[in-house]
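The chain contents come next:
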Amino acid sequence: MTDANTSGSGMTEAVELENYLGPYENWNFGIGNPYTFPAYHTDKLKYLTALAEHPKPVKPGLLENIAEHAGRGTWIPTLWGTKDDVALRFWPLVVENPSDEGISLDSLSLNLTAPTQTDEVGKARFRMAFPVEEKAMNRLQNRVPGEPDWSPDPEVPTGASQPKAINVLGVIDDGIPFAHGNFRAADGKRTRLEFCWLQSAENRSGRPSGVLFGREFTRDAIEGLIRNYGDDEDALYAAAGAAEPQFGSSAAINRLVTHGAHIMDVAAGHDPNKSEAPPEETRLVAVQLPNTYPWDTSSFGKSSYLLAAVHYILERAERIAAGYGVEDIRVTINCSYGFSGGRHDGESELEAAINEVVGERRNLGRPTAIVLPSGNTFQDRLHGEISAKDLEDGSFSFKWVTQPNDRTSNYLEMWFPAGFDPQSCSIGLKSPLGMTETSMDLTPDGSHTTGDPRRFQAVRLGGPTGGKAIGLISLDNHRGTGRWRVLLALAPTEPDDENLPAAPGGVWTVTLTRGKAAPSDHGVINLWVQRDVDLEAFRKGNRQSYLRDKKYRIADDSGGPAQEDIGGSHVRRFGSMNGMATGSVALVVSGCRPSAETGWDADKPIASNYSSAGKVSPDTSVGSVDCTAISDRSNIVPGVVAAGTRSGSYASLQGTSVAAPFVARRLSEAFATCSSVDVKQAESENYLPILKKVELVGQSDENRARLGKFLVI
Amino acid sequence: MAYFGGLGGLGGLGGLGGLGGLGGLGGLGGLGGLNASGLGGLLGAGAGGALDPLTVQGLQTSAQAIAHVAGDAATHPSRELEFSSTDNLDRWSDWVRASLYLSDFFSEIVWEAPKDTKEVTISYRSRSTGDAHPFFRIARPDGDLFDKQLEFVRAYMDQRPERTAEITSQLGFPTPYFAMILGLVPARNGKTLELITLTQVLAAHVAMIVKHHLAIRRPDRIGTTILPMIPTPGHGSFPSAHATEAFAVTRMLEGLIDASGTHYPDGEKRKKLLRKQAERIAVSRTVAGVHYPVDSWAGALLGKTVGEIVLKKCGVDTELRGLKYEARADSDFMVSHYQSSKWGEHGVSELPQLSVDVSEQFTWLWTNAVNEFDL
Chain B
12 MTDANTSGSG MTEAVELENY LGPYENWNFG IGNPYTFPAY HTDKLKYLTA
62 LAEHPKPVKP GLLENIAEHA GRGTWIPTLW GTKDDVALRF WPLVVENPSD
112 EGISLDSLSL NLTAPTQTDE VGKARFRMAF PVEEKAMNRL QNRVPGEPDW
162 SPDPEVPTGA SQPKAINVLG VIDDGIPFAH GNFRAADGKR TRLEFCWLQS
212 AENRSGRPSG VLFGREFTRD AIEGLIRNYG DDEDALYAAA GAAEPQFGSS
262 AAINRLVTHG AHIMDVAAGH DPNKSEAPPE ETRLVAVQLP NTYPWDTSSF
312 GKSSYLLAAV HYILERAERI AAGYGVEDIR VTINCSYGFS GGRHDGESEL
362 EAAINEVVGE RRNLGRPTAI VLPSGNTFQD RLHGEISAKD LEDGSFSFKW
412 VTQPNDRTSN YLEMWFPAGF DPQSCSIGLK SPLGMTETSM DLTPDGSHTT
462 GDPRRFQAVR LGGPTGGKAI GLISLDNHRG TGRWRVLLAL APTEPDDENL
512 PAAPGGVWTV TLTRGKAAPS DHGVINLWVQ RDVDLEAFRK GNRQSYLRDK
562 KYRIADDSGG PAQEDIGGSH VRRFGSMNGM ATGSVALVVS GCRPSAETGW
612 DADKPIASNY SSAGKVSPDT SVGSVDCTAI SDRSNIVPGV VAAGTRSGSY
662 ASLQGTSVAA PFVARRLSEA FATCSSVDVK QAESENYLPI LKKVELVGQS
712 DENRARLGKF LVI
Chain X
824 MAYFGGLGGL GGLGGLGGLG GLGGLGGLGG LGGLNASGLG GLLGAGAGGA
874 LDPLTVQGLQ TSAQAIAHVA GDAATHPSRE LEFSSTDNLD RWSDWVRASL
924 YLSDFFSEIV WEAPKDTKEV TISYRSRSTG DAHPFFRIAR PDGDLFDKQL
974 EFVRAYMDQR PERTAEITSQ LGFPTPYFAM ILGLVPARNG KTLELITLTQ
1024 VLAAHVAMIV KHHLAIRRPD RIGTTILPMI PTPGHGSFPS AHATEAFAVT
1074 RMLEGLIDAS GTHYPDGEKR KKLLRKQAER IAVSRTVAGV HYPVDSWAGA
1124 LLGKTVGEIV LKKCGVDTEL RGLKYEARAD SDFMVSHYQS SKWGEHGVSE
1174 LPQLSVDVSE QFTWLWTNAV NEFDL
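Quick note, the sequences are listed as chains B and X, same order. Be aware that the first sequence starts at 12, since it is given in my numbering, and climbs by one per residue. Be aware that the second sequence starts at 824, since it is given in my numbering, and climbs by one per residue.
For the record, the hints were derived by calculation from the structure and aren't laboratory data. Warning: the hint list may mix true and false statements.
Below, computed lysine-lysine pairings styled on BS3-like, alpha-carbon distance capped at 30 angstroms [as the list claims (entries may be wrong)]:
#, chain 1, residue 1, chain 2, residue 2
1, B, K551, B, K70
2, B, K285, X, K1147
3, X, K1095, B, K200
4, X, K971, B, K200
5, B, K691, B, K94
6, X, K1095, B, K285
7, X, K971, B, K55
8, B, K57, X, K971
9, X, K1094, B, K285
10, B, K146, X, K1165
11, B, K551, X, K971
12, X, K1147, B, K200
13, B, K146, X, K971
14, X, K1094, B, K200
15, X, K1099, B, K285
16, B, K175, B, K551
17, X, K1092, B, K200
18, X, K938, X, K1147
One chain only, chain B, in its complex shape (with noise of 0.2 angstroms):
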């Protein structure tokens, strides 16, 4: 992209865009493109994926029935609920770009409405997320993916010989060890995985597939592999074709130790040295997210590879249950990831989107659960809270931090509370030292006729009337729901192209005004950082931004790092939760560690020191965790140990990444006893009641707010 439409007519573009596009795509694939990870602007980016948010739910099939429009492909990734005939608002969606030049905002406006040409589909509002590299690609399937080629294992008890309730568990995680040893049944050779879906691998083609891109294999896939292969783990990886690099990146599997190994193991493993046999009742289903995935820590491009996620998850457990013979199968899905944006409300478009099917299918009769980390920012100054108070006269200003040699663009979100209308506010960007100022009315741009309200205002080393744009401010009534959000985006402070100008690091001033007509008894406005790190050897160059406030205290009077927010500063620990982790349907798990203090007692687990997590008062208004596992062994000990890739392999992991899959397994053991009255009756609380736990009775209320009101053991 040249600089004449970034800093001209790309913005003009961005405003006629007929179907709406958030700020983040906004940035991404407008001003901000350049910026972006290489594969966003190389000209060969063919298939994208989508999530699509129409005004009323809509069947799947209907997509079938539309033609493909001027040669651009629209196709849906397997879903969960065609069988059942089930509505839905939200479709995770692949979308064709045929242009040869690249991704630009009316190209992907084009992308979307051509092939989607009618009211029912046309309206909707989309979410632009990563690429699908072209090799995993099936280009010539059909809209919705085949069938799978699977039968149940004859091996596996059933009906009255079977004791316990078969059941089943998905992992959604990186770098999946699905021939693993620890994932088999008490023979070692045949597996308890039933499906893998790898997500980015390459689509051979010649193969039945029943997916639309990556690699899905069936248990008969694996075992067969394990017959030919599983004396060299290695060769076996290569020969599947989940070894190989996409789109530029290594393939996490090659390593020794991967987030997706140790959470699968935590979640579903078991040690073959062990005498007892392991729990064949609960069948296993595993999703590899792309490569892509460390792309961007921020919430940006996740969210139709993980809806498309847990649609596959709960389709493939359809499937199971039909070969079992079970009714009503039980489903735990683990995801260990999330971001540290979004509205927290629950109502995030991934959220929006998981609470629907998940909701759908409890509609049905079925137990569904989604167990979700409470996220490890708590000491990384990512959010803050602006009070009514702190508005008193008129403005209120803070101080936003971004670092030297960094390589990625840094988000801030301010959101307001639900029925907060800022039309009568301002915001202000202040540069470090003052090199430039932009400010913007908080009020939607009229010119805007349809899509959500918003306005955009491009931030420019020059001032707001020239120069190079090295930011981007942005306002808008977030789904039309009501709840309005301030995007600032910022520039790498140090591109990777060093011809493109650098956004300047340092410290930056955001001013946020109250005009005399805004209402000025209103709840606090919340703050957060997206989150923004370099995640193992990716080599991406992210740096964390973060809020600064001298009030901030960071340490306490002891020296350690402070637990409460004690200064009385604007910037919060409490309220740091995982944004993916605010829905209705989840269970939220935060991290402990035994407590020396008290001799290791159960019911006093100390919150590990990065733990996330909601208010302290009682108001569940950002998320709330529901209870808490083991993340850490001891205060000096960091992490539990789990597998790493190869069989018999270990290593240690820390994080709330860790207690979330613990509390998924005790799930899936509690799903595979429990009766379906006590399940049923567990529903509305997320199945916590059905849980083998502690309740941790006297606590603090920081400490409520941190562990909940359980420790699962």
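Add chain X to chain B, keeping to what the hints say.
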């Protein structure tokens, strides 16, 4: 002092350097870093070396003070050592044995590298018959093959953090990584460790001959983003000496496991571990950014033939079939493909079988090594 302490080895190599013709061993890929070598470790003791000045002075003053009690300078009839006998080998310093093994081996190795075919052929020439037969032939690939191979090198880069300990401790011979699998300790397995080090030294020398003629530039010369995590060695890339050494040792140790009878109840599993370890050692050099996967292929094949020559010189009845390698641009190196049924698709073809004369010295070392497994 660690079991596999290395500085002694350096001292020993200094001794070898003194041979003149063998000077420069210190610069061999394997010999520089030295974390373990049966020979090297022993060489420190065996080579003696100059004492410190104070002790030298002390020896002289004490000699003068005590010599008078031995009386006159008359000689006594002494026992003579046997002529040209392997019985004497254990009496010599370790570095002397190293020198003898090396001279023996290379007195039977010849090579040619004609400029028109750009192929290097290494042959075994029997001292008894004078007949020479090729055991390894390798074609020089075009430069663009290595350009394509860079993609593999880049794909391996993200494993650098998790392999750092292995990569930096394998700058020298990775003997502890094999010793781990067989449970070798210097106190009990001195001759086995000597055999391992000998095999590595021979493999390294043969690899240098091939590298010199093929003269292939390292990945960091043609790819700007490779940025190796260890210094790029001062010799050609193709074939990899680490792969040659590791697979020569593996082949030799496979023979030793067979010869050790029932010492290991699980010999076949140990062989698989050795092969897998050799693969990992070779691939780690790609992770580090100093080798292409086809370097590992070339080295692994060359190493196999060297290991088999060593076995045959030791008197072991094993097949030695020559190998020819024509590298393929799309070859990644994996030990699962390193077998005759699969390596054809990677450009490997077979040459005729050849025989090798049994060496007294090698057989002596082999017998002593095998005897270490009698418990």
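Practice problem: Would you pick out the hints that fail for this structure and give their numbers low to high? | Solution: Violated: hints 1, 2, 4, 12 and 16.
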